[in-house]
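Whenever a hint applies, use it, and build me the whole structure from the sequences.
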Amino acid sequence: MVDVGTTLEMVQASQVGLKAVGAGLAVGLTGVGTGLAEMGIGAAAVGATAENRDMFGLALLFTVIPETIVIFGLVVALLLLF
Amino acid sequence: MLRPERMRRLLIVAPKSETDTIVRELYRHNVYHIEDFVPESGSSDGLSIGHPLSGASDAASALIKIRAIESACGIDPENVEVRTRIPASKVRAMIQTDLPAIIEEVEGLVASRSRLEAQQKEHEQRAKELEPFVAVPMDLDLYRGYTRFSVFTGHIAHDVTIDAPHEKYFSDKVDGNMIVVVVPNEHREEVERTLLDAGFQAIPVPDETGAPADRLKAHQEEARRIEGEIAAINGKIAGIRERHADFLVACDELLTADVERAEAPLRFATTEETFLTEGWIPERNFEKVKEALVRATGGKIYLEELEIEHTDAVPVKYDNPSFARPSQMFMDLYSRPQYAELDPTLMVAIVFPIFFGMILGDVGYGAVLLALSLGLRKVLKSEGGRALLKVLSISSISSIIFGVLYSEAFGFALPWEPLFFSRHLNIGGAATGHGPQVVELMIIAIWIGILHITLGRLIGTRNARSLYHGKHATKAMISNLGWLGFMWGLLLLIWAFFPIPMMPDLTGLPVVAMGFNLAAVTGVVLLVAGIIGIAQENPLEVVELPTIISHVLSYARLTAVGLSSVAIAMVVNYISIGMMIEPQLEAITPVGVILIIVGILVFLLGHVLNTALGLLGGGLHSIRLHYVEFFTKFYKGGGKKYNPFGMKLKFTEE
Numbered sequence: 001m002v003d004v005g006t007t008l009e010m011v012q013a014s015q016v017g018l019k020a021v022g023a024g025l026a027v028g029l030t031g032v033g034t035g036l037a038e039m040g041i042g043a044a045a046v047g048a049t050a051e052n053r054d055m056f057g058l059a060l061l062f063t064v065i066p067e068t069i070v071i072f073g074l075v076v077a078l079l080l081l082f
Numbered sequence: 083m084l085r086p087e088r089m090r091r092l093l094i095v096a097p098k099s100e101t102d103t104i105v106r107e108l109y110r111h112n113v114y115h116i117e118d119f120v121p122e123s124g125s126s127d128g129l130s131i132g133h134p135l136s137g138a139s140d141a142a143s144a145l146i147k148i149r150a151i152e153s154a155c156g157i158d159p160e161n162v163e164v165r166t167r168i169p170a171s172k173v174r175a176m177i178q179t180d181l182p183a184i185i186e187e188v189e190g191l192v193a194s195r196s197r198l199e200a201q202q203k204e205h206e207q208r209a210k211e212l213e214p215f216v217a218v219p220m221d222l223d224l225y226r227g228y229t230r231f232s233v234f235t236g237h238i239a240h241d242v243t244i245d246a247p248h249e250k251y252f253s254d255k256v257d258g259n260m261i262v263v264v265v266p267n268e269h270r271e272e273v274e275r276t277l278l279d280a281g282f283q284a285i286p287v288p289d290e291t292g293a294p295a296d297r298l299k300a301h302q303e304e305a306r307r308i309e310g311e312i313a314a315i316n317g318k319i320a321g322i323r324e325r326h327a328d329f330l331v332a333c334d335e336l337l338t339a340d341v342e343r344a345e346a347p348l349r350f351a352t353t354e355e356t357f358l359t360e361g362w363i364p365e366r367n368f369e370k371v372k373e374a375l376v377r378a379t380g381g382k383i384y385l386e387e388l389e390i391e392h393t394d395a396v397p398v399k400y401d402n403p404s405f406a407r408p409s410q411m412f413m414d415l416y417s418r419p420q421y422a423e424l425d426p427t428l429m430v431a432i433v434f435p436i437f438f439g440m441i442l443g444d445v446g447y448g449a450v451l452l453a454l455s456l457g458l459r460k461v462l463k464s465e466g467g468r469a470l471l472k473v474l475s476i477s478s479i480s481s482i483i484f485g486v487l488y489s490e491a492f493g494f495a496l497p498w499e500p501l502f503f504s505r506h507l508n509i510g511g512a513a514t515g516h517g518p519q520v521v522e523l524m525i526i527a528i529w530i531g532i533l534h535i536t537l538g539r540l541i542g543t544r545n546a547r548s549l550y551h552g553k554h555a556t557k558a559m560i561s562n563l564g565w566l567g568f569m570w571g572l573l574l575l576i577w578a579f580f581p582i583p584m585m586p587d588l589t590g591l592p593v594v595a596m597g598f599n600l601a602a603v604t605g606v607v608l609l610v611a612g613i614i615g616i617a618q619e620n621p622l623e624v625v626e627l628p629t630i631i632s633h634v635l636s637y638a639r640l641t642a643v644g645l646s647s648v649a650i651a652m653v654v655n656y657i658s659i660g661m662m663i664e665p666q667l668e669a670i671t672p673v674g675v676i677l678i679i680v681g682i683l684v685f686l687l688g689h690v691l692n693t694a695l696g697l698l699g700g701g702l703h704s705i706r707l708h709y710v711e712f713f714t715k716f717y718k719g720g721g722k723k724y725n726p727f728g729m730k731l732k733f734t735e736e
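So the protein sequences, as listed, match chains A and B.
Start counting the first sequence at 1; every next residue gets the next number (the working numbering).
Start counting the second sequence at 83; every next residue gets the next number (the working numbering).
Derived by calculation from the structure, the hints in this document are not laboratory data.
There may be inaccurate statements among the hints.
[Said to hold, decoys possible] Label-pair ranges, simulated between beta-carbon atoms: (1) A/LEU80 to B/VAL673: 24 to 32 Å; (2) A/GLY40 to B/GLU391: 38 to 46 Å; (3) B/LEU533 to A/LEU80: 26 to 34 Å; (4) B/GLU391 to A/LEU80: 55 to 63 Å; (5) A/GLY33 to B/GLN201: 20 to 28 Å; (6) A/GLY40 to B/LYS730: 40 to 48 Å.
[Said to hold, decoys possible] Stretch by stretch, here's where chain B covers chain A in the computed footprint (C-beta under 8 Å, at least three residues): (7) 54–66; (8) 71–77.
[Stated by the list, open to error] Here are a few chain A residues that sit away from chain B, every Cβ distance over 12 Å (derived from the structure): (9) THR7; (10) LEU8; (11) MET10; (12) ALA13; (13) SER14; (14) GLY22; (15) VAL32; (16) ALA43; (17) ALA44.
Glycine included, every Cβ here is placed at the ideal spot set by N, Cα and C.
In structure tokens, the structure reads:
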């Protein structure tokens with residue numbers, strides 16, 4: 001290994017950068033997870049609402065339940081960054 | 083408040099001759115919720131469903147005519163502004179005198195319009211069929227009438243050479259090309275095969291005479307002329323709408339009332355000479371209605387108040403102060419509360435705007451949404467739309483208040499330091515200050531979650547007492563308290579080991595046993611007691627224990643969603659102003675001016691988008707916190723809607 005001359009500043013800078021990458025991954029991956037979960041629920045909810053208008057409230061409720069996942073991601077990202 | 087309106091159950095028995103009087107009286111008061119009579123099959127109590135009053139079918143058929151005219155004229159009673167209220171007697175007189183003429187006029191206009199529309203279609207169709215033939219300079223009569231020749235006309239992919247003796251015309255001036263081939267009958271089949279190989283699609287020759295171009299023009303002109311006539315008829319119909327809308331909606335209302343009244347006996351039980359009906363009246367109107375009924379019938383009526391046997395059969399009428407009434411829409415969207423349980427509308431009405439403001443705390447966006455909600459009042463006139471707009475205006479005011487506290491307007495800082503916690507992110511070159519106080523805001527949100535859920539569980543304990551009976555009620559109450567014990571036990575445990583800012587620091591308490599201090603021991607006791615409390619109602623519920631953590635943490639969205647909206651606003655500002663407008667302002671060049679205009683567009687577009695996102699995020703997340711995190715702790719729902727027999731007169735008066 002050749003020492004490329006890592007200085008303290010570079011280490012600190014890469015730490016900040018990796019934190020940002022981590023925060024991005026936290027939001028992005030949880031977003032994908034939420035999307036996957038809402039995909040099925042959303043389709044079924046729209047179907048149920050089309051059949052019976054009164055289902056709307058309950059359908060909305062079911063659809064937004066997985067939202068929590070991405071919120072957790074967002075919380076983790078914010079805690080990482082600040 | 084906090085409880086649906088108290089109801090009383092009334093049994094009315096009267097001779098059939100009084101039906102009309104009683105129905106009229108009940109309809110006028112508009113408070114009696116009729117319990118439909120359902121005959122039991124095979125029972126021998128001699129009760130059967132009543133017959134409609136006389137005049138029901140006349141009124142119904144007149145009503146159908148009026149509705150048809152309303153829809154033909156595009157009148158929607160829901161959206162008609164109430165200008166004057168016409169007395170019922172005058173409407174009745176006008177139904178006899180004016181209405182037939184109006185009906186005739188509208189029916190005539192609609193009939194001629196549909197006839198004209200059919201004609202217009204016909205001409206357009208003809209014109210379309212003629213189009214390909216315009217490319218061939220030949221009169222239409224020349225295409226037919228041969229005994230020894232066959233004529234092929236149609237689209238084709240490309241020109242072809244035909245071996246048999248023939249005459250041919252090919253044109254690529256029209257879509258899909260056009261070919262006309264005339265061949266002697268004996269070569270018909272081989273030519274057809276050649277043509278089909280080249281992708282020939284036959285088009286029938288239009289049944290007309292003369293030059294195709296002239297005919298096409300004639301048809302097109304005819305279609306245009308008819309269009310003008312249709313427009314004239316539409317203008318006439320619009321004129322009728324202008325002149326008679328008030329009268330038509332008044333007729334609609336009057337006749338609807340007539341029909342409802344006439345058909346009411348279908349919901350009553352009758353014997354040979356009498357009828358009986360059961361229903362619900364709000365407590366405050368009860369005595370008044372009773373007296374009015376006795377007076378109207380001259381005492382020829384028997385009234386009895388019945389016991390309420392099952393509370394789930396009682397219709398539910400909200401009883402809320404006026405500012406909370408629009409929030410009832412949120413309740414109906416989820417499910418109407420049951421009669422016996424606590425009605426949380428008031429809590430939703432107070433907490434929802436606070437959550438909304440916490441998420442979208444921005445003076446600018448708040449002002450835009452407030453203006454939007456006030457402006458849309460002119461457009462949205464239905465009851466649900468109105469309620470939604472009222473909730474939106476209250477929420478946007480809360481958003482402005484929080485914007486002042488956060489010191490934010492369209493992502494810019496206002497000229498004062500945040501009075502509450504700061505949400506200013508360090509985006510862009512001009513970032514100053516200490517950045518957002520994310521951790522503090524997050525803990526505030528968690529605190530709100532803890533308190534909101536505690537409130538929910540406390541209400542759950544209270545509801546358990548009124549919804550269930552005997553042993554079940556006790557069990558359900560203990561289970562609710564168990565959930566509370568588990569949550570607070572867990573919190574005590576966490577506080578006993580980790581000091582958390584803005585939360586009680588219990589790490590310093592004296593150690594009692596096994597390295598556990600006082601708070602930790604209390605926490606463990608509460609935790610275990612809680613689990614036992616939950617398990618005694620239903621052991622399976624223990625599986626749900628982790629939800630307590632996810633539900634409390636879910637309130638972190640109050641901060642997280644808000645911060646993401648701030649971030650979008652600041653990024654938009656930075657891109658449009660910091661990167662595009664400001665550098666160009668230093669030295670103005672022609673390219674710079676364009677860049678400035680683009681920057682302004684980016685600014686506007688970004689903020690419009692963010693307003694929409696903020697509205698959606700703020701509204702949806704706030705209501706979700708109620709539906710998922712709050713209501714699941716106590717709310718049952720499924721109450722029957724209170725639907726009084728009668729009508730609120732909008733366009734007519736007695």
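Hint check results:
Look at A/LEU80 against B/VAL673: about 41 Å separates their beta carbons, and that is not inside 24 to 32 Å. Checking the proposed 38 to 46 Å range against A/GLY40 and B/GLU391 shows it holds: the Cβ atoms sit about 42 Å from each other. Distance hint check for B/LEU533 and A/LEU80: the Cβ-Cβ separation is about 27 Å, which falls inside the suggested range of 26 to 34 Å. With their beta carbons about 59 Å apart, B/GLU391 and A/LEU80 fall inside the hinted range of 55 to 63 Å.
A/GLY33 and B/GLN201 have their C-beta atoms about 60 Å apart, which leaves the hinted 20 to 28 Å range violated. Range check, A/GLY40 to B/LYS730: about 43 Å between beta-carbon atoms, so the 40 to 48 Å window is met. Residue count for the segment 54–66 of chain A with a Cβ under 8 Å from a Cβ of chain B: 7. That meets the three needed, and the coverage hint holds. Only when three residues or more bring their CB closer than 8 Å to a CB of chain B does the claim for the segment 71–77 of chain A stand; here the count is 4, and the claim holds.
With a least beta-carbon separation of about 24 Å from chain B, A/THR7 lies farther than 12 Å from that chain, consistent with its non-interface assignment. Here A/LEU8 stays apart from chain B, with its beta-carbon at least about 22 Å from theirs, past the 12 Å limit. Every CB of chain B is more than 12 Å from the CB of A/MET10 (nearest about 22 Å), matching its label as outside the interface. Every Cβ of chain B is farther than 12 Å from the Cβ of A/ALA13; the closest lies at roughly 16 Å, confirming the non-interface assignment.
Every Cβ of chain B is farther than 12 Å from the Cβ of A/SER14; the closest lies at roughly 20 Å, confirming the non-interface assignment. Taking the minimum C-beta to C-beta distance to chain B, about 15 Å, the non-interface status of A/GLY22 holds against the 12 Å cut. No Cβ of chain B approaches the Cβ of A/VAL32 within 12 Å, the least distance being about 17 Å, so the stated non-interface status holds. Under the 12 Å C-beta cut-off, the non-interface status given to A/ALA43 relative to chain B holds; the minimum distance is some 18 Å.
Residue placement check: A/ALA44 keeps its beta carbon more than 12 Å from all beta carbons of chain B (closest about 17 Å).
Violated hints, listed in ascending order, are 1, 5; each of the other numbered hints is respected by the structure.
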